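Colleague: One letter stands for each residue in the lines below.
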Amino acid sequence: MKTEEKRSFIDWMLDNEVMISLLVVLLGFLCGTILVLAVGKNPANMFSSIFDSMVGIPKRDGTWNFRYIGETLAYSMPYILCGLSMGLPCRVGLFNIGAEGQYIMGMTAAQSLALFISPFPGQWFFCLLVAFIAGALWGGIVGLLKAKYNVSEVVATIMLNYIALYASRLICFHQPGATTYNTDPLPATALLSKFLIKTSNLNIGIFFVLLSVLLYWFVVNKTKLGYSMRATGYNKNAAKCCGISTVRSIAASMALAGAFAGLAGAIVLQGGAFPKGRIITGMDNYGFMGIAVSLVGNNTAIGNLLAGLLFGVLKQSQSLMQSRNIPKEITFIIQGLIVVFISLRSGLELVKLYRNKKKLQKEVLHK
Amino acid sequence: MNILLQIPTILMIVAPILITAIGGMFTERSGVVNIALEGLMGLGACAAACCHYLMEAAGYGRYSLVLALLLGAFVGWAFSLIHAVASIDLKADQTISGTGINLLADGLTIFVAQILFHADRTKEYKIGMLPDKIGMYPTVYIAVAVVIIAWFVMFKTPFGMHLRACGEHPAAADSVGINVRLMRYSGVMISGALAGLSGGCIVLTQTIQYTSGTIGGRGFIALAAVSFGRWTPLGVTGAAILFGGMQAMGVIATNITSLRGIPSEYFNILPYFVTLVALILTSGKDYAPQANGIPYEKGAS
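Residue numbers (this note's numbering), protein chains in the order written: chain A, 1 to 367; chain B, 1 to 301.
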């Protein structure tokens with residue numbers, strides 16, 4: 001009887017996506033802790049940094065310093081958006097490695113609008129808007145190529161990432177005040193205003209992030225487009241037979257995904273973390289991390305939000321870790337491990353098959 | 001400036017891309033896509049840089065080059081096993097496990113540098129690989145050897161034929177007694193070792209330390225070269241020379257008067273752009289191994 005109960009618990013664990021995600025994250029942290037121990041550092045410092053990033057620290061005069069929380073939320077914004085950017089094509093059965101490129105194009109578009117047009121009130125909103133559109137175009141290209149010509153979206157997005165990186169540099173070199181590394185500072189009208197925790201970079205971009213999460217949930221679960229996307233993802237040919245335009249759902253999913261990533265680029269640029277306009281020399285890696293965010297969050301809206309927050313916490317804790325004698329790269333390792341463990345997750349299907357087989361054998365024998 | 005004088009430089013930049021691309025060709029021919037090449041190159045490069053610096057500091061600088069390359073290849077091989085287990089035994093999504101290794105490599109290499117050297121990069125060594133009398137770097141000869149051996153193994157040995165069969169039709173290969181699992185493991189491990197080796201080649205010829213930007217997308221260029229070269233040694237070699245040549249042009253254009261005005265970004269962008277266009281143009285025809293990227297399940301149809 002007891003073994004029967006235990007078995008059903010394991011079955012429940014194996015079937016529950018949320019539990020598996022938690023398990024994967026825990027495993028990632030466990031391996032990270034072991035690594036920190038192995039190189040002779042104190043993992044308590046790592047966890048205290050992560051904890052402080054979540055709740056803030058007490059100031060000397062007894063009041064509470066919320067700055068770290070604000071920074072954590074600010075860092076989470078691009079992660080959440082890039083997670084959405086990965087998650088939507090996943091629903092259609094595509095793998096969008098191109099969030100990085102879409103992010104760069106969004107950032108470049110926003111910066112161009114901010115620097116080429118003379119300042120006017122509400123400029124920040126239009127910057128976000130052009131970033132949204134630029135990302136959508138950049139992602140939409142891949143969608144069209146995939147849907148019309150059946151070009152592998154993995155290779156195409158990787159190529160477009162680097163094309164975006166160098167194209168962005170070429171564009172930014174022509175912007176006012178361009179040097180090798182940066183341009184003139186963005187006008188104040190183009191910056192997102194800070195709110196709530198003024199000492200940190202937390203800005204009104206977070207409302208757009210929350211709106212995007214809502215939009216994602218709405219599109220996927222409540223609209224005809226979302227339904228055709230999911231149908232395409234489950235079985236493309238069956239969807240086609242039912243009269244669903246798979247071309248449209250593939251292109252639309254990639255375009256909307258690109259729009260999310262483009263928005264992330266604009267929010268990072270306009271968030272006030274950079275004193276001047278940017279000429280990027282390499283990837284910011286938010287796009288690649290978005291893959292991990294989406295995988296941890298099981299492509300659901302709320303999962304993406306939570307996973308994005310987790311990654312934001314890790315990013316913010318980096319500076320604390322470095323000051324507490326823990327190499328900050330441990331967070332990258334943990335994130336990488338989480339993705340590796342997620343890929344191993346498909347092995348659980350084999351475990352399930354094996355358990356079902358055993359169960360069947362037992363039943364047959366009992367009869 | 002005579003372009004002929006630049007040939008050794010161009011070949012030095014082409015060599016690592018070519019070595020990695022040949023590895024990528026092996027793994028894709030066996031039926032496993034490996035987008036972790038970028039990360040594996042980074043791991044190999046970091047291992048080689050650490051090894052060479054430590055050996056040089058200990059006074060064995062002249063002998064450590066070979067050792068550094070071998071260590072790089074070994075590290076690449078070891079980490080490719082993760083990808084092999086995930087994608088072959090556990091039937092994982094190959095893109096996800098590849099991405100995981102790429103992310104892991106980003107963190108792990110710099111983490112090691114932090115532990116060993118207390119900086120976000122490895123310490124500079126004094127003397128890397130030196131060119132020989134005609135100006136060629138040893139890595140060029142390594143690349144040539146790798147291509148010739150790859151061609152021979154792939155098309156003139158039973159092993160190569162079995163490997164290709166597993167990428168085209170694993171069920172058929174299985175039915176005539178070929179061990180699909182072993183073949184695909186070999187493919188992934190060859191790609192891992194070659195990626196690690198080429199990481200070592202980059203770090204020992206083009207720079208004097210490992211930083212987070214050392215690889216800078218060359219793994220992805222190699223990936224592009226594999227599909228642009230249509231999965232044959234000769235085609236991949238041509239693609240690698242083309243793409244590597246463009247990268248090199250970005251570096252040496254500053255020395256050529258007529259090209260000085262062109263920003264190097266134009267040269268950097270070309271490999272990716274050409275590959276994208278080639279992908280679209282060849283979209284109707286299938287040059288790729290038929291079963292590339294699809295896990296093989298024994299007994300299922």
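FYI, nobody ran anything at the bench for these hints, they're computed from the structure. Values in this document were obtained by computation on a predicted structure and should not be read as measured data. Any given hint might turn out to be false.
Claimed, not checked - Here are some chain A residues the structure puts well away from chain B; computed CB gaps all over 10 Å: (1) T33; (2) I34; (3) L37; (4) N235; (5) T246; (6) T281; (7) T331; (8) S343; (9) E349; (10) L360.
Unchecked claim - Some chain A residues well away from chain B (every beta-carbon gap over 12 Å; in silico): (11) M13; (12) K41; (13) I57; (14) F120; (15) F173; (16) A188; (17) I206; (18) L210; (19) N237; (20) F274; (21) L306; (22) K328; (23) S346; (24) R355.
To be verified - Calculated lysine to aspartate or glutamate pairs in the DMTMM-like style (CA-CA distance at most 20 Å, straight line): (25) B:K91 - A:E349; (26) A:K41 - B:D120; (27) A:K236 - B:D93; (28) A:K352 - B:D89.
Glycine included, C-beta positions come from ideal geometry on N, C-alpha and C.
Colleague: Indicate, hint by hint, whether the structure satisfies it.
Modeller: Comparing the hints with the structure gives:
1. T33: 14 Å, holds
2. I34: 13 Å, holds
3. L37: 13 Å, holds
4. N235: Given a closest Cβ separation of 16 Å, the condition holds.
5. T246: Nearest chain B Cβ is 16 Å from T246 (chain A), so the label holds.
6. T281: 8 Å, violated
7. T331: 7 Å, violated
8. S343: Violated, because the least Cβ-Cβ distance between S343 (chain A) and chain B comes to about 4 Å, which does not exceed 10 Å.
9. E349: 7 Å, violated
10. L360: Holds, since 16 Å exceeds 10 Å.
11. M13: 18 Å, holds
12. K41: Violated, because the least Cβ-Cβ distance between K41 (chain A) and chain B comes to about 9 Å, which does not exceed 12 Å.
13. I57: Nearest chain B Cβ is 24 Å from I57 (chain A), so the label holds.
14. F120: 31 Å, holds
15. F173: 7 Å, violated
16. A188: 30 Å, holds
17. I206: Its Cβ never comes within 12 Å of chain B, the nearest being 25 Å, so this holds.
18. L210: 26 Å, holds
19. N237: The claim stands: N237 (chain A) keeps its Cβ more than 12 Å from every Cβ of chain B (closest is about 16 Å).
20. F274: The claim holds: F274 (chain A) sits with its nearest Cβ about 19 Å from chain B, beyond 12 Å.
21. L306: Non-interface label stands for L306 (chain A): nearest chain B Cβ at 19 Å, farther than 12 Å.
22. K328: Incorrect as stated: the minimum Cβ-Cβ distance to chain B is 8 Å, not above 12 Å.
23. S346: 4 Å, violated
24. R355: 16 Å, holds
25. B:K91 - A:E349: Status holds; Cα separation ~9 Å.
26. A:K41 - B:D120: 17 Å, holds
27. A:K236 - B:D93: At roughly 18 Å apart (the allowed maximum being 20 Å), D93 (chain B) and K236 (chain A) satisfy the hint.
28. A:K352 - B:D89: Given pair K352 (chain A), D89 (chain B) holds - Cα atoms ~15 Å apart, limit 20 Å.
This entry does not satisfy hints 6, 7, 8, 9, 12, 15, 22 and 23, going by the numbered hints stated previously.
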